[in-house]
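Undergrad: So you can see what is in the structure, the chains are spelled out below.
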Amino acid sequence: MKRWLPVWVGAPRLDWVLLILLLLIMGFGLTALYSASGQDMAMVNRQAMRLGFGLVMMLIISQAPPRVLRAWTPWLYGLGVAMLFATLVLGVGRNTQRWLDLGVLRFQPSELMKLAVPMMVAWYLHSRVLPPSLKSTAVAFGILLVPTLLIYRQPDLGTALLVAASGMFTLYLAGLHWRVLFGFAGLATAAAPVLWLVMKEYQRDRVRTFLNPEADPLGHGWNIIQSKIAVGSGGLSGKGWLNGTQSNLEFIPERHTDFILAVISEEFGLIGVSLLMLTYLLVIGRGLYIASIARDTGSRLLAGALSLTLFVYVLVNGGMVSGVLPVVGVPLPLISYGGTSAVTLLAGFGMMMSIYGHRKFISQ
Amino acid sequence: MIRFKGHRAIKDEQRLFENRAWVGFVVIALCILALLGRYVWLQIFAFDSFSTRSQNNSVAVTPVVPNRGIIYDRRGRVIAENLPAYRLEIVPEKVPGKQQGLEVLLDELSSLIVLDEHDLAAFHKSRRNYRVFDSVPLKFNLSEQEVARFSVDRHRFHGVDVVPYLSRHYPYGELLTHVLGYTGRLDADDISRVDEGNYRGTRTIGKIGIEKFQEKALHGTSGFERVETNVRGRVLQVLERQDAVPGTDLVLSIDVAVQQAAWDALGDRPGSVVAIDPVDGSVIALVSKPGYDPNAFVGGISQKAYSEILSAPGRPLFNRALNGGYEPGSTLKPFVGLAGLELGVVTPETRVFSNGKFYIEGYDRPYRDWKDMGHGWVDIRSALEQSVNTYFYQLSMDLGIDRMHDYLAQFGFGSATGIDVPGEGKGLLPSREWKRATLNEPWYPGETVIAGIGQGFNVVTPLQLATAVAALVNGGTLFSPRLLYASKPAGVERAKRIRAPSELQIPIRDPQNWQTILDGMDLVVNGSRGTARKVAVDAHFRTGGKTGTAQVYQLAAGNKGNQDEVAEHLRDHAWFIAFAPVDAPRIAIAVVVEHGGGGSTAAAPVARATLDVWLDQELERELRP
Numbered sequence: 001m002k003r004w005l006p007v008w009v010g011a012p013r014l015d016w017v018l019l020i021l022l023l024l025i026m027g028f029g030l031t032a033l034y035s036a037s038g039q040d041m042a043m044v045n046r047q048a049m050r051l052g053f054g055l056v057m058m059l060i061i062s063q064a065p066p067r068v069l070r071a072w073t074p075w076l077y078g079l080g081v082a083m084l085f086a087t088l089v090l091g092v093g094r095n096t097q098r099w100l101d102l103g104v105l106r107f108q109p110s111e112l113m114k115l116a117v118p119m120m121v122a123w124y125l126h127s128r129v130l131p132p133s134l135k136s137t138a139v140a141f142g143i144l145l146v147p148t149l150l151i152y153r154q155p156d157l158g159t160a161l162l163v164a165a166s167g168m169f170t171l172y173l174a175g176l177h178w179r180v181l182f183g184f185a186g187l188a189t190a191a192a193p194v195l196w197l198v199m200k201e202y203q204r205d206r207v208r209t210f211l212n213p214e215a216d217p218l219g220h221g222w223n224i225i226q227s228k229i230a231v232g233s234g235g236l237s238g239k240g241w242l243n244g245t246q247s248n249l250e251f252i253p254e255r256h257t258d259f260i261l262a263v264i265s266e267e268f269g270l271i272g273v274s275l276l277m278l279t280y281l282l283v284i285g286r287g288l289y290i291a292s293i294a295r296d297t298g299s300r301l302l303a304g305a306l307s308l309t310l311f312v313y314v315l316v317n318g319g320m321v322s323g324v325l326p327v328v329g330v331p332l333p334l335i336s337y338g339g340t341s342a343v344t345l346l347a348g349f350g351m352m353m354s355i356y357g358h359r360k361f362i363s364q
Numbered sequence: 001m002i003r004f005k006g007h008r009a010i011k012d013e014q015r016l017f018e019n020r021a022w023v024g025f026v027v028i029a030l031c032i033l034a035l036l037g038r039y040v041w042l043q044i045f046a047f048d049s050f051s052t053r054s055q056n057n058s059v060a061v062t063p064v065v066p067n068r069g070i071i072y073d074r075r076g077r078v079i080a081e082n083l084p085a086y087r088l089e090i091v092p093e094k095v096p097g098k099q100q101g102l103e104v105l106l107d108e109l110s111s112l113i114v115l116d117e118h119d120l121a122a123f124h125k126s127r128r129n130y131r132v133f134d135s136v137p138l139k140f141n142l143s144e145q146e147v148a149r150f151s152v153d154r155h156r157f158h159g160v161d162v163v164p165y166l167s168r169h170y171p172y173g174e175l176l177t178h179v180l181g182y183t184g185r186l187d188a189d190d191i192s193r194v195d196e197g198n199y200r201g202t203r204t205i206g207k208i209g210i211e212k213f214q215e216k217a218l219h220g221t222s223g224f225e226r227v228e229t230n231v232r233g234r235v236l237q238v239l240e241r242q243d244a245v246p247g248t249d250l251v252l253s254i255d256v257a258v259q260q261a262a263w264d265a266l267g268d269r270p271g272s273v274v275a276i277d278p279v280d281g282s283v284i285a286l287v288s289k290p291g292y293d294p295n296a297f298v299g300g301i302s303q304k305a306y307s308e309i310l311s312a313p314g315r316p317l318f319n320r321a322l323n324g325g326y327e328p329g330s331t332l333k334p335f336v337g338l339a340g341l342e343l344g345v346v347t348p349e350t351r352v353f354s355n356g357k358f359y360i361e362g363y364d365r366p367y368r369d370w371k372d373m374g375h376g377w378v379d380i381r382s383a384l385e386q387s388v389n390t391y392f393y394q395l396s397m398d399l400g401i402d403r404m405h406d407y408l409a410q411f412g413f414g415s416a417t418g419i420d421v422p423g424e425g426k427g428l429l430p431s432r433e434w435k436r437a438t439l440n441e442p443w444y445p446g447e448t449v450i451a452g453i454g455q456g457f458n459v460v461t462p463l464q465l466a467t468a469v470a471a472l473v474n475g476g477t478l479f480s481p482r483l484l485y486a487s488k489p490a491g492v493e494r495a496k497r498i499r500a501p502s503e504l505q506i507p508i509r510d511p512q513n514w515q516t517i518l519d520g521m522d523l524v525v526n527g528s529r530g531t532a533r534k535v536a537v538d539a540h541f542r543t544g545g546k547t548g549t550a551q552v553y554q555l556a557a558g559n560k561g562n563q564d565e566v567a568e569h570l571r572d573h574a575w576f577i578a579f580a581p582v583d584a585p586r587i588a589i590a591v592v593v594e595h596g597g598g599g600s601t602a603a604a605p606v607a608r609a610t611l612d613v614w615l616d617q618e619l620e621r622e623l624r625p
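Protein chains in written order, with the numbering used here: chain A, 1 to 364; chain B, 1 to 625.
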């Protein structure tokens, strides 16, 4: 009966721990979104639909064995890079060329690269001796650098950062020598002034605002100041769900997307934020655990890198909302309103579940 | 190579990975702890301060806009008022979809409400002056249909609202435009000039004229309302309210009836009439024709309507009364004559023979009288009566340009009068220094000769000439002409009379000299040979005056030319200055009719019509018990 289906389709293999943690985060996210959207049920429904779609994606992917995923990897990566080039040439959108219009749906190829880059680096390192040789390191570095630069050109600093980080994490987990790692870190620091020169004016504005938000309290600094007020006025236990004055009086811009953490902080206080952070930390820990019991090198690296990347989302978004990091467009994973990022993340978790399902000590 | 990876190598890799993963996890945990540290600082240690700031955010301060002062004319007629109207405002932040959403919204709105490029450009321009959550005006003075159409579809336009307000209205339209000016949309330039706090809720400001000059008084002081709102932004209670102080009501010295008479008398010819009360320097009429409808500018004028006004014949936007520079022609003669008498160059009895031509010693060029055969022997009175050029040619040669310039300057020629409305011109009173400085040329004697009859480089504005006439007939008091007659600040029962702040007394050597000039001007109207005899016909009052012609086009020498045969735009400008009643003047007036030809035919009747309305009125007032 199942003969026309691939052999690997069978009983669902799921990591219930990871799934429950993710559902907790998503449930909390929808609750916060209801308040942040000004109690707009339609918006919540739309987001729930997207999350549902993402969960279905996750389930499908989790059923494919890691070797199948690995077989697709070079194609996925190649397709992604090709589309990035295409976006650069025929991208739609006002001044940023992030979207590619495929007729039916518009989506951001850069989003795909958040998965394709760690997959590709892991694919490449899978068959190499670890720790990687100088040559392997150089090639792996090339794999992550090309899409990063293309995304940066769009320009989308936030995504470029995440893509680069996911590739670097793969290299790090593969055992890249500390010397080289610190070398990169030093190089990045040295490159900062150069980066300033090549930045677009609006990006520079964001950095300037970050350094001194009070200088322009009604313009660019407004977001940061109001966001900090929202967070600070939340106190230990928050003002309570739907009672955030900052959020509901529309003082916080982008309060249902990138700044939703400000709403959470205001309404649920330090306790709410801490619990959320703890949940994220648990997800990351669970991801690293899955990696450590993975059957092969490629899976191990991929699962580890995806977990570590999640941390970058959380840190950058949390830092942005509380005013310790500049405003870059990084959403709060699985909570910020918006489809693409959530679907990508869930697809990534699908791969982790696939790796979990085909772990070492289980017999097939 | 992979195939031969040893068992140990895989174990090593596993160990290496676990190492790395642990280090990574610990670093991450520490980073997240550090991040939480930030939240602890914000939410626990800085809680009080942020909590207060958040509280303040739920207290909204809304400005209470003061009502703009009403403007009345001298007789209490309302000439600028506030009428209830509706305007459309947008809060850009509330519009879904950011910039793109705003474009779509504006596009959809334009199907309900007439929005032309001007409205959109002004909206985008003024947006920059407001914060994202402020309400930005899009269109003023919506028609009732537009309000109705919008109200039906309001639910489609999040962030857009119809706001009731008081719109400025000028009941007399173009008649008073060049006096009152108009109010228009507050823009970035305006904001930089005013106290921003006081204009937070204000959407319009005086752009030109009295509306601009008296902006500060007319605007008043904004009040505010501190309201507590709930989390939905609904007002729970008014915590504090400070009422706005309405703008000061102003009374202008303009008399609309006199203004109307002058306006009508000018007919459809471009020109200007300025009438001043010589007793106190108040301006009774200030007409510049053509005018335009100021009400069109109040709500923001469309580009099309504006270019129509710009290209209309006679340049309606040009304020001739304040800024129109004309050659004074013979209207300067009374002042030159007075200079001669007061400086002792001539006496009232000095006689000069006019044979039609005047020559400067050593030059061949003749300077002509308007009568080919000349006027014979004339003294200063008859020289004024008949406008005898030769007398003034001789007088100016004897005076010299330097003395002439210095004496005439005392009457305000060549400098701004200081009237209380912006945009007046200075005219030009030529001198040796001026010519050297601007043209880098020496002064020629011929230029002195024609300067004496108001030609050559001389340029005056109608306002300057009327001001000088007032000083000539009131015994030498040079006023800065005043439009503001009285003002009534909010809460004050009676309007308070405002006096001219600056007046200059011109030194008088012998009052008889001044009387002699007035006698000469009396003869112009009432003498048997006066150039403006028609003015006296059926008059209730005895009027003095002087005709003048400002040359537009120099006719070939010897050809006096018949003005009727010259193309209209090359015809001379007609001047008439006058005062009445002669024995105790209550009005001084200057009339210019562009391309009107002769002063006596074109300009004098306009002056007469204006004088009549004013003096009949004044007489009636004096006869009243």
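Hints may be right or wrong, so weigh each one.
Straight-line distance between alpha carbons at most 20 angstroms, and here's what the computed EDC-like set of lysine to aspartate or glutamate pairs gives [to be verified]:
#, chain 1, residue 1, chain 2, residue 2
1, B, K304, B, E174
2, A, K360, B, D398
3, B, K94, A, D40
4, B, K357, B, D398
5, A, K360, B, E174
Selected chain B positions facing chain A (Cβ under 8 angstroms, derived; list incomplete) [what the hints assert, rightly or not]:
#, residue
6, E13
7, E18
8, I28
9, A29
10, Y39
11, V40
12, F47
13, S54
14, L120
15, A122
16, V245
17, Q515
Please keep in mind that the hints were generated in silico from the structure rather than gathered at the bench. Cβ coordinates follow ideal geometry from the N, Cα and C atoms, glycine included.
Undergrad: Which numbered hints are broken by the structure, listed smallest first?
TA: 2, 5, 14, 15, 16, 17
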